[in-house]
Amino acid sequence: MATKTFWDWVGAIVSNYGQMFLSGAGTTMLIAITGTIIGFLIGLIVAIIRTIPVLPQDNKAKKVILKVANAIMAIYIEVFRGTPMMVQAMIVYYGLMEAFKIDLDPLTAGILIVSINTGAYMSEIVRGGIESIDEGQFDAAHAIGMTHWQTMTNVILPQAIRNILPATGNEFVINIKDTSVLNVISVTELFFATKTVKGIALRTFETFFVAGVIYLVLTFTVTRILRFIEKKMDGDDSYTIMASSSMPDQQFIKIRGGKHEHRQWLHDESDQK
Amino acid sequence: MSETVLEIKDLSVRYEDCDVEDLQVMDVSFEMKKGEILCIVGESGSGKSTLIKAIHGMDRTRVVNGTIEAFGKDMSGLSKKDRRTLMGTDIGLIPQNPYSSFNPIRRYEVQFKEALSAQKMEYDKEKILSVFEKIGLHDGERILKCRPYELSGGMNQRIAIAVAFLFEPDLLMCDEPTSALDVTTAGMVVDELVKMKEEQNTAILMVTHHLGIAARMADHIGIMKNGRMIEYGPAKQILKNPQEEYSRKLMEDVPRLKR
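Protein chains in written order, with the working numbering: chain B, 20 to 292; chain X, 1056 to 1314.
Okay, chain B solo, but in the shape it has when bound (with noise of 0.2 Å):
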């Protein structure tokens, strides 16, 4: 029998196992993708409680409560951020049916896990996006009576959430590859899919190739995704430079993609009439 080459490797791997390995694929997504948008919010939401201004002259039952509900999610992201996700995977899968006999399914758990924990990491994210808002614009809403919730979802998240963008790929990156620590609670993604087409094919290298190539390929698409969406969001008017200082020339160089356009402005139109 002649001796198989890694290629033929790969391909048998590929072509007998290949269904596993998509499968696998699919549910590290799935949990990725849930994970990272439930997280999200969960980040928002705790950033902008814990942004909430505490005045001297408040009542006593508000400044309580906040002082409560901030407490309690400075030790939810310490704890979340502080162990490992392997950690919290066994306590809230194992540890919950154990303790409190909560038997959850392997994804829900994973899902859950990968929510809160993204959500730990993201609240400092969108901190950091709200921090980085000049302070005028808060003191400009306040000036004209917007309320913080007002605030927060007219005049400093939009700017906040387009800033963290890039932080937020991130974490949506990382997820794809954590996933894998989920198969200690025996969710079948990826990595778990890849463990038992080795322990079929009896073939750790060609096998973990594989696995390592999908993984690559997953994160790769996402962030040129993520890029494209940064773009979008910039919007086509991402950037106008003046093209003089004298004003009654309006005469605007857009840049567009490394593209110079000239663009004539309302004004001019109504000039000529």
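These are computed hints drawn from the structure, not numbers from a lab. Note that the structure is predicted; figures quoted are calculated from it, not measured. Idealized CB from N, CA, C, for every residue including glycine. Treat the hints with caution; some may be incorrect.
Take a look, some chain B residues computed to stay more than 10 Å from chain X by CB distance [said to hold, decoys possible]:
hint	residue
1	157
2	160
3	181
4	220
5	228
Cross-link-like lysine-lysine pairs, in silico, DSS-like; alpha carbons within 25 Å at most [said to hold, decoys possible]:
hint	chain 1	residue 1	chain 2	residue 2
6	B	79	X	1128
7	X	1089	B	81
8	B	81	X	1128
9	X	1089	X	1128
10	B	79	X	1135
11	B	251	X	1200
12	X	1136	B	82
13	B	86	X	1136
14	B	81	X	1168
15	X	1168	B	251
16	B	82	X	1135
17	X	1128	B	82
18	X	1135	B	86
19	B	79	X	1136
Covered stretches of chain B (in silico footprint by chain X; criterion: 3 or more residues with CB under 8 Å from a CB of chain X, positions within the stretch not fixed) [said to hold, decoys possible]:
hint	region
20	69-83
21	145-156
22	163-175
Following the hints, complete the assembly by docking chain X onto the known chain B.
Chain X alone, transformed into the frame defined by chain B:
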């Protein structure tokens, strides 16, 4: 005419993060009546802007001592909700730095809508354009389609002024509203403010380090130094016959045009 709009007694203010001893405003007292223009003059860091922020009850200011009464209500005792209803429509603000006050990436049209909706006011384009016209912004249609970074500093500042004008407040606080404007436009804004006072009986508290502007519009002038109001009185008296050494020096330091 003699209705008191703002009454400040022995006011001391510090910033949230600073030590108690580190007061930005110390023992300031004054009173403003309807249709009165008070100009507060002083060097940078003398506490002028902090005073305005404290009256507004900005989140980071803390009143250590004294009272602020606006329209007969004790401001530091008001709940946030009650205070919000006063903001904009009763107490207006022209911020010092429009670049840091507007959302830099959104069109002014959207920002005007949002600002007006905070006090449940209708977005009335014609009205905005007419306010723009008054302070020398002639191509309002285009401005509304622009974002702050697409316009010059002076234009942004005038847009901030327009926002304050739209709300038609009874008490308008201006924090160096003309710092980025050329002399002609600054004059235009001052005239508009004076007109506002005359037509709507607005009380205007103006912070500036431009004595010329103070001389042109003020009924009363207060001079601040190191957080204290060292001199306060009718404009003519202060300009002609300043009592304090520092005030005299301040008057002498005004650059004059020699012809």
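For each hint, the structure was consulted:
no. : hint               : in the structure
1   : 157                : 7 Å, violated
2   : 160                : 8 Å, violated
3   : 181                : 7 Å, violated
4   : 220                : 53 Å, holds
5   : 228                : 45 Å, holds
6   : B:79 with X:1128   : 21 Å, holds
7   : X:1089 with B:81   : 36 Å, violated
8   : B:81 with X:1128   : 22 Å, holds
9   : X:1089 with X:1128 : 15 Å, holds
10  : B:79 with X:1135   : 14 Å, holds
11  : B:251 with X:1200  : 19 Å, holds
12  : X:1136 with B:82   : 15 Å, holds
13  : B:86 with X:1136   : 20 Å, holds
14  : B:81 with X:1168   : 31 Å, violated
15  : X:1168 with B:251  : 24 Å, holds
16  : B:82 with X:1135   : 13 Å, holds
17  : X:1128 with B:82   : 23 Å, holds
18  : X:1135 with B:86   : 18 Å, holds
19  : B:79 with X:1136   : 16 Å, holds
20  : 69-83              : holds (count 6)
21  : 145-156            : holds (count 4)
22  : 163-175            : holds (count 7)
In summary, the structure is inconsistent with hints 1, 2, 3, 7, 14 from the numbered list given earlier, while agreeing with the others.
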